[in-house]
Amino acid sequence: MTPPPITALASDILPTTGNVRALVVVVDFADAKYDTDRRLSDEEISSYLFGTDNTEFYPCESLTSYFDRASYGSLHMTGNVFHYTAKGTIASYEKTNDGYETLVREVLSGLNDTIDYTNYDSDGDGYIDALCLSVPSRGNADFWYGCTASWWASTLPDLDGEKLRKLSDHTAH
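Residue numbers for the sequence shown follow my numbering, so the first one is 7 and each next one is one higher.
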């Protein structure tokens, strides 16, 4: 018996074939910023995430190379890197259970005039395919621990008609 395709088991994931575009946002806070002398440039972040094959680091290549190889050429991921400075301190988002969703809502609203969110819905299902937030490691490590999360908040700003279902975050540890 052939198992069902992964999309039948989890239809709320990013597409498993085609061209997928990820949205990556590097977030600073008033009291916690990336060290500009040590942080990766946008070009370096893009190269590490969406660059072409680099056999020097195989199998730890870019996401693009990994998905191309793992899908036998059926899934190609690209993306863009944006920056956002949060209105509050890092601790102000850690105080409440919905602090992470508050930050995500703020980031997406704050970049709404800059980003056409329809560019990040490759299969036209009305959902952003991939969102990753990167925050500096000066906060509560338990709160900001890298993970994938589901969007539970009932309201989002208008994102060019797009919605959010899953997101991931990571800290610069």
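Derived from the structure by calculation, the hints contain no laboratory data.
Take these hints with a grain of salt, some might be off.
To be verified - With a Cα cut of at most 27 Å, we get these calculated BS3-like pairs of lysine-lysine: (1) Lys39 <-> Lys93; (2) Lys169 <-> Lys93; (3) Lys169 <-> Lys101.
Unchecked claim - Pairwise CB distance ranges (calculated): (4) Cys66 <-> Lys93: 17 to 27 Å; (5) Tyr64 <-> Asp119: 25 to 35 Å; (6) Gly94 <-> Thr22: 34 to 44 Å; (7) Asn25 <-> Leu46: 22 to 32 Å; (8) Ser77 <-> Thr124: 20 to 30 Å; (9) Asp41 <-> Phe88: 33 to 43 Å; (10) Pro163 <-> Ser98: 18 to 28 Å; (11) Gly130 <-> Asp48: 38 to 48 Å; (12) Ser98 <-> Ala76: 16 to 26 Å; (13) Asp104 <-> Pro65: 12 to 22 Å; (14) Asp37 <-> Ser77: 33 to 43 Å; (15) Tyr78 <-> Asp37: 11 to 21 Å.
Since this is a predicted model, take the numbers as computed values, not measurements.
Beta carbons: idealized from backbone N, C-alpha and C, even for Gly.
Verification of the hints:
1. Lys39 <-> Lys93: 12 Å, holds
2. Lys169 <-> Lys93: 23 Å, holds
3. Lys169 <-> Lys101: The given pair, whose Cα atoms are some 26 Å apart, holds under the 27 Å limit.
4. Cys66 <-> Lys93: 17 to 27 Å: 36 Å, violated
5. Tyr64 <-> Asp119: 25 to 35 Å: 40 Å, violated
6. Gly94 <-> Thr22: 34 to 44 Å: Holds, at about 37 Å.
7. Asn25 <-> Leu46: 22 to 32 Å: 24 Å, holds
8. Ser77 <-> Thr124: 20 to 30 Å: 24 Å, holds
9. Asp41 <-> Phe88: 33 to 43 Å: 19 Å, violated
10. Pro163 <-> Ser98: 18 to 28 Å: 19 Å, holds
11. Gly130 <-> Asp48: 38 to 48 Å: Cβ of Gly130 to Cβ of Asp48: about 28 Å, so the range 38 to 48 Å is violated.
12. Ser98 <-> Ala76: 16 to 26 Å: 39 Å, violated
13. Asp104 <-> Pro65: 12 to 22 Å: At roughly 37 Å between Cβ atoms, Pro65 and Asp104 fall outside 12 to 22 Å, so the hint is violated.
14. Asp37 <-> Ser77: 33 to 43 Å: 41 Å, holds
15. Tyr78 <-> Asp37: 11 to 21 Å: 46 Å, violated
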